[in-house]
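**Q** Add chain B to chain A, keeping to what the hints say.
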Amino acid sequence: MTSITAYEAGASQLLMGNEAIARGALEAGLGFASAYPGNPSSEILGSLAEVAREMDIYAEWSVNEKVALEAAAAASFAGVRAIVAMKQNGLNVASDFLMNLNLTGTVAGLVLVVCDDPSGLSSTNEQDSRPAAKWAELPLLEPANSQEAKDMTKWAFELSEEIKNVCLVRSVTRVSHARGDVRLGEPMAPSREARFAPTTLGQFTPLLVPIKHSFLHQKVNKAREIFESSPFNWYTGPEKPELLIVTCGSGWNYSLEAVKALGLESSVGILKLGTTWPLPEKLVQQHLARTDKVLVVEEVNPFLEGNLKELVGDTFATLGPLTFYGKRSGHLPTFGELDPDRVMGALGSILGRERVAVEPDYAKKAQALTGSLVQARMIGFCAGCPHRATLWSVKNALKLDGRGGFVTGDIGCYTMGLGPTGFFQLKTVQAMGSGAGLACGFGKLDKLGFDQPVLTVCGDSTFFHAAIPALINGVYNQSNFTLIILDNSATAMTGFQPHPGTGASALGEPAPTVDPEGLCRSLGIRVEVADPFDLQDTTQKLLDLMQDDSGVRVLISRRKCALVRAKEEKPAYKVRVDTEKCRGESCGCARLCTRIFQCPGLVWDDETHTAKIDEVICTGCGVCADICPASAIIREVA
Amino acid sequence: MGLDVKGCRELQSEVLARDLCSLCGACVGMCPYLVTYRGRIVALDECDLREGRCYVFCPRTSLDLDLLSQTVLGVPYAADELGTVQEIALARASDEAVRSKAQFGGTVTALTSFALDQGLIDSAVLTTSDESILPSGILADNKTQIRDCAGSNFVAAPTLAAFNRESEGDIQRIGVVATPCQAQALAKMRASPLENRNNIDKLKLVIGLFCTWALRYEELARFLADKVPLGQIVRFDIPPPPANLFQVFTDSGRIDISLDEVRPFIRPTCDVCIDMTAEFADVSVGAAEGVEGWNTLIIRSDVGRELVEAARAKGVIETAPLPEQNLAHLKEASLLKKKRGLKKIIDTTGSDEDLLYLKLASEAVKGLLA
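If you read the protein sequences in the order shown, they are chains A and B. Taking my numbering as reference, the numbering of the first sequence is continuous, increasing by one, and the terminal residue is 638. Taking my numbering as reference, the numbering of the second sequence is continuous, increasing by one, and the terminal residue is 1008.
For the record, the hints were derived by calculation from the structure and aren't laboratory data. There may be inaccurate statements among the hints.
To be verified - A partial selection of chain A residues facing chain B, derived with a Cβ cut-off under 8 Å:
no., residue
1, Asn-396
2, Lys-399
3, Gly-402
4, Ser-586
5, Gly-588
6, Cys-589
7, Ala-590
8, Leu-592
9, Ile-596
10, Ile-627
11, Pro-629
Stated by the list, open to error - Dumping the calculated DSS-like pairs for lysine-lysine here, alpha-carbon to alpha-carbon at most 27 Å:
no., chain 1, residue 1, chain 2, residue 2
12, B, Lys-969, B, Lys-997
13, B, Lys-644, A, Lys-581
14, A, Lys-581, B, Lys-840
15, A, Lys-612, A, Lys-560
16, A, Lys-399, B, Lys-644
17, B, Lys-644, A, Lys-395
From a predicted model like this one, the values you see are computed outputs, not experimental measurements. Where a beta carbon is used, it is the ideal one built from N, C-alpha and C, also for glycine.
In isolation and in its complexed conformation, chain A is listed as follows:
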């Protein structure tokens, strides 16, 4: 990955949307950046941290999104331009602060970037964050490609300073993770005169709420005025289109492609909005007046559609009747990602045109092209992943215990423990820290007839992010559960960002280490530490903790993420299968390793009817040797 400062101003650089956002911030004279990692937003802070030393700016991975926003707001209060980035779920965590920050306002430009994940490709929901802008009454920008991502971010700082409030930039996976050419501008040095100096009494407090609220409305109106002439809104198409597409962000790309594929350039116009809240009403009305049919293309919720209809409702007398198509009419789906095919479907059905369909055997042809080079593999844990080993022991301990115990889950790689490679162990998955919170509740149901053991899991990063309050709640309210901290010394799911337990800062410099074990012990909790690769010991410790059956207990299952390990160490073992000993499909094994354990390093050989090791994938953890009932998997010290 080339650094976002590698090229001079005026050059064109191929940048990922998130890198472009980071570059835009640098061009705006950014001084402070904070974030909690979460796909698809993680590369924003990642690429800023990479150049932080060179640019002499501050960048941190915060413990969670709320703290990240608070820290960034402090910079703004002190006159330093700041950016904070998070995924859609993170905005919920930050929203308590945000819903007060909007009233007190900001000083230097403060840009909050939220990256949504339509279809939940790497998320537990596909929440559309845009209504938060309306809710918090903050201006919202939606870039559609890398160039816009950079330019809008840069402009967002100016806008923020004009209205003295936070400016939201909303991206989606296909903008954040797509790459495109970006014409670079000049990076700007940040202000180095940081100082907190309120200019009015109670400036950064809610004094007096209704008055502050009325100021907020004024700020929104000012933003609307500015949006009326924003260069990020434009129209392409005929003067009087048969159909007007109003779109924003990724929807614009799909609309362009669909109109072109169907050859509708002369009959369909596209109004592309970059400033989607508050709507530039005059501009929008002017374009709506061109036609009597409007199709709204956006991801995920009918947010723009609803706001347009609100506007039309207010101005019905001037605009006259309009027919709206989109999500409410059923022409576009109200869930999942959009794509050109879906937009073509909507256009075809509105205008009575044949759609240009994807070849029906496209997927098969693609598979044939890749051939045996790409193995079909389900979503699951990597080879040598310590989570697989931990959940193997969890499964066995729960089965042995036999009292109907279960695991409440949390957010991280181990969320995949709800599927086959985690042996379906996670029975609930909601938000960061919710596994422990749910465990608190389950563990207090004894008076109501509940007698199942309660386990909950969270990763090391999730522990710091949101599990600690739930843990303290469990201790204080004398709940009854066992928290398993899956300590793999990384925020693995999002790309190995450091966190308070890793001993490294966002810039890769040494940082104080917060020790989860010591923290738990200080709460008076019984803590055990296990190596998940020692299946027997981990299972026994889990059984002991579960059967302790009083108060809150913690098991720290500690093993470095296999991917981190692979970068730092040589494999511990060379693993092979003794095909003479392998029982394969017969009674006495029935393919335990490839059917149940399912490490991708183990593959079933259809010819010999035995398991074998895929030496390219195997990380040499050697755990499979312990589950083989025939001792046919041999591990030799590498």
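**A** Leaving out everything else, chain B in the frame of chain A:
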């Protein structure tokens, strides 16, 4: 008739889910799926095979009594009180030291040690208990180990798991001291139609134990733990009627518990069992009521007869005629168990055509119930 062949799923639905498991251990120790834990069979993962040794070996699936009798004893099933009997007598170990450690006459300890001495077996699978009174199978290959396992055990033990596990090793000639259900399972292993066998050919001797029921570990342990630390328990005894007592011998003396308090812990499968005297063993050994320091010994197979005769000849055991009254009493008790078991089965299924797990000709059933 014959043995039905199904898989682990059916073992779970037909036996474990219906609480018919006797915890003999026959399904454990051959694969990674089934294990024992604190007196329960636990399926750790789902085995998808349609044919499994676990199902076929289980004494609570298709117990074809004729087939087993033919396989083990070479004669049809004697649908009478005591099964196939070549000889029945009082017996005891000649060695006073052996007798002193034993519950009754020490015959099992003496015969097992003798079989080892004679080379009939090179190891014996016996039952032992840990410090929390949890019983399990153990492999013994010397007299001291055998003597350490002496004494009655009233808690169901998955002893055959040890047979399955240990028979994988280098040992070649194994003897097993088995409860009736365990002897049935061993007979089913011998009669199994499956190509994939365990190491049943290494089985050279089965010494059966009389048994009327066995207790569930977890419930009993929980019950006793309220009275005495489990680690202090040395052994249990049930003195002859009409005492109606369950005696717990501890480091600090004896605790007498009414048998009625312990009966709820009897495994439900014992209520549908029709074998009190281990009818598929080479020899069966039990108490001799009213004859202090002696056992009742039943010789069933030729292997059993040869062993007993040699042991008698070498003076390892002494035998004496079983008093008529004892024989009558034993027959009565055994028949009563069969009748109760059959009645319970028929009550459960609602038909004398469906005997749950038993495969037994209807004339034989009628004969036993008459």
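**Q** Determine which of the earlier numbered hints do not hold for this structure and return their numbers in increasing order.
**A** Result: no hint breaks.
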